[in-house]
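*Asks:* So the chains spell out like this:
Protein chains: 2
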Amino acid sequence: MKPKNITDIKFDKCEDSKYINPIRMIFKDNGKRRVWDIIEVHNSVATLLYHKDKDSFIFVKQFRPAVYLKEHKDSTHQECGYTYELCAGLMDKEKSAKQTAKEEILEECGYDVKLDNINEITEFYTAVGFAGSKQVLFYAIIDDSMKVNNGGGIDDENIEIIFIKKQEVRNFIFDKSYPKTSGAMFAVLWFLENVK
Amino acid sequence: MKPKNITDIKFDKCEDSKYINPIRMIFKDNGKRRVWDIIEVHNSVATLLYHKDKDSFIFVKQFRPAVYLKEHKDSTHQECGYTYELCAGLMDKEKSAKQTAKEEILEECGYDVKLDNINEITEFYTAVGFAGSKQVLFYAIIDDSMKVNNGGGIDDENIEIIFIKKQEVRNFIFDKSYPKTSGAMFAVLWFLENVK
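Just so you know, the protein sequences line up as chains A and B, in that order.
FYI, the UniProt record's numbering numbers position 177 of the first sequence as 177, with every residue one higher than the one before it.
FYI, the UniProt record's numbering numbers position 78 of the second sequence as 78, with every residue one higher than the one before it.
Worth flagging that the hints you see were computed from the coordinates, not collected in a lab.
Remember, predicted model here, so these are calculated numbers, not experimental data.
We treat Cβ as the ideally placed atom computed from N, Cα and C, and that holds for glycine.
Be aware that a few hints might be false.
Stated by the list, open to error - Some but not every residue of chain B turned toward chain A, in silico, with C-beta under 7 Å:
#, residue
1, 30
2, 39
3, 113
4, 132
5, 180
As the list claims (entries may be wrong) - Computed list of chain A residues with no C-beta within reach of chain B, every gap over 12 Å:
#, residue
6, 12
7, 93
8, 117
9, 149
10, 158
With the hints as constraints, model all of the structure from the sequences given.
*Replies:* Structure below.
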């Protein structure tokens with residue numbers, strides 16, 4: 001299905017990108033010369049939010065041009081290019097991972113959560129072949145008393161908040177018509193197993 | 001700790017990369033013009049291998065220049081730049097995901113597994129901000145009778161096969177000194193929960 005609200009899509013050459021800067025690493029592996037091209041990207045944080053009044057998890061629905069590019073020729077998705085992700089953001093400022101997570105929860109989802117209520121699960125790496133950035137993964141349990149605005153992101157972001165009931169979340173994460181990240185899927189399985 | 005067998009590391013400008021080709025997408029989102037830079041990368045497959053004679057999961061240890069670049073300044077890893085991943089590979093040929101998985105299991109790990117014994121778990125997306133490639137995730141239960149060579153990859157690959165006992169795998173996936181992908185961590189939790 002075509003992506004809602006997304007129109008006039010065009011592709012162009014990409015010269016002098018501000019966002020994608022390749023770097024070349026040259027090294028010897030067991031004495032043999034190897035060359036590897038990498039893009040340097042920021043590390044990131046992501047938080048699984050469980051809303052206890054609604055007995056629901058929060059997913060962030062947003063349009064991802066990169067997913068649209070890969071999938072638009074033969075998509076079986078609900079809406080091509082939209083993904084369902086954890087509340088997440090880049091660590092592009094001089095702030096701790098937990099502080100970054102707190103600010104993203106406020107900006108994207110509209111909840112003001114105390115640092116003490118944001119709990120680290122673990123960390124992992126993504127796109128290890130060409131980018132290798134780390135993501136620190138958190139969870140937080142929230143409720144209506146923490147709601148201070150409607151979220152939706154800042155500036156260019158076009159973010160929709162989706163609530164999925166706890167009893168439906170397992171079906172949701174395995175429904176391939178709603179594209180997700182492996183980090184979101186891991187976080188949900190971990191939460192169901194570890195948090196009562 | 002410094003990466004074993006990796007020496008003479010240098011970084012250089014990266015012009016005309018054969019591997020990293022940015023493309024620019026221009027579109028309207030709710031009528032507002034937006035521009036997004038993407039790199040187009042191949043989709044991939046990954047397989048969680050459980051070796052029943054050894055009661056162990058198989059992880060593929062390899063040196064990842066991109067992870068080294070991100071981590072070498074303040075690494076707390078066992079060996080900076082080495083990751084512990086599922087047996088995986090790019091879908092860069094005209095073959096099905098399952099056939100690609102079968103060939104990667106043979107090349108990287110040395111086991112000849114029938115297609116019927118390779119089972120799809122699900123699929124997900126990684127690096128959705130800038131690459132958006134899909135990974136199809138499988139699992140397979142293997143044994144010594146399927147071993148036909150020592151694995152280790154082909155051409156430039158420098159892959160080491162690591163066996164982790166089932167009873168130790170949960171501690172292993174949460175030990176941050178061994179860097180892993182979220183896909184590998186998700187696959188392990190899924191397997192422990194779903195496969196007897």
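*Asks:* Each of the hints needs a verdict: does it hold here or not?
*Replies:* The hints, checked one at a time:
no. : hint : result
1   : 30   : holds (5 Å)
2   : 39   : holds (6 Å)
3   : 113  : violated (23 Å)
4   : 132  : holds (3 Å)
5   : 180  : holds (6 Å)
6   : 12   : violated (4 Å)
7   : 93   : holds (16 Å)
8   : 117  : holds (21 Å)
9   : 149  : holds (19 Å)
10  : 158  : violated (5 Å)
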